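Chemist: Single-letter residue listing:
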Amino acid sequence: NAGVMQNPRHLVRRRGQEARLRCSPMKGHSHVYWYRQLPEEGLKFMVYLQKENIIDESGMPKERFSAEFPKEGPSILRIQQVVRGDSAAYFCASSESLRETQYFGPGTRLLVL
Amino acid sequence: AQTVTQSQPEMSVQEAETVTLSCTYDTSESDYYLFWYKQPPSRQMILVIRQEAYKQQNATENRFSVNFQKAAKSFSLKISDSQLGDAAMYFCAYGSSNTGKLIFGQGTTLQVKP
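Here the protein sequences line up with chains D and Y, keeping their order. For the first sequence, my numbering gives the first residue as 1, with consecutive numbering after it. For the second sequence, my numbering gives the first residue as 114, with consecutive numbering after it.
Misleading hints may appear alongside valid ones.
[To be verified] Here are some chain Y residues pointing at chain D (derived, C-beta under 7 Å): (1) 157; (2) 158; (3) 163; (4) 204; (5) 214; (6) 220.
For the record, the hints were derived by calculation from the structure and aren't laboratory data. Bear in mind that the values here come from a model prediction, so they are computed numbers and not experimental data. Glycine included, every Cβ here is placed at the ideal spot set by N, Cα and C.
From just these sequences and the hints, can you work out the full model?
Modeler: Written out as structure tokens, the structure is:
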């Protein structure tokens with residue numbers, strides 16, 4: 001049973017470009033969560049999705065950030081017009097249900113030049 | 114709002130010895146979960162142990178155990194017989210059964226000395 005998959009593992013973008021981060025949950029998991037980890041800090045919740053629905057986006061910046069989890073395919077975290085402050089590690093986690101343990105992917109390290 | 118506090122930025126332990134990492138949290142919810150995750154240099158987040166708030170018995174996973182004090186809102190992690198591979202950043206996390214999201218502490222870097 002493959003774990004949570006994230007790609008790319010490393011992403012370099014110039015200021016103003018778009019970044020697309022992908023997350024495939026574990027088999028049988030329909031709940032996906034995105035977290036951001038700035039250097040030397042803990043993880044901060046961004047958004048919680050189920051298939052085709054955003055359940056909680058209280059941690060998402062109001063502008064430039066969006067997330068989706070379509071019926072088919074991986075969950076996507078999209079950052080438009082990236083700025084240097086977006087440089088961070090972005091982790092995806094998945095679970096079977098709201099009350100079950102979240103398992104994390106390896107993360108995507110985004111570097112904005 | 115829930116908060117999680119880890120007051121020890123760094124800890125060190127001699128190989129084969131025991132170490133305890135501290136964590137306190139604040140919440141008004143009655144139904145929640147607590148976790149310890151390990152983040153080695155690879156940056157992968159690895160689940161160490163999980164505790165349900167409604168359970169009085171402390172969770173144990175091999176060399177890892179917790180001391181869960183619900184009234185004091187304390188959730189410490191004890192690592193017995195420490196191994197070099199235990200060296201990592203350890204994060205305490207609160208999980209709400211209402212919202213699903215995890216709230217993490219600032220982390221404790223554990224160094225294991227040979």
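Chemist: None of the hints should be skipped; say for each whether it holds.
Modeler: Right, here's what the structure says about each hint:
1. 157: With a minimum Cβ separation of about 5 Å from chain D (threshold 7 Å), the hint on residue 157/Y holds.
2. 158: holds (4 Å)
3. 163: Interface hint status for residue 163/Y: holds (6 Å vs cutoff 7 Å).
4. 204: holds (6 Å)
5. 214: holds (4 Å)
6. 220: With Cβ-Cβ at 5 Å, under 7 Å, it holds.
Consistency note: the structure conflicts with none of the earlier hints.
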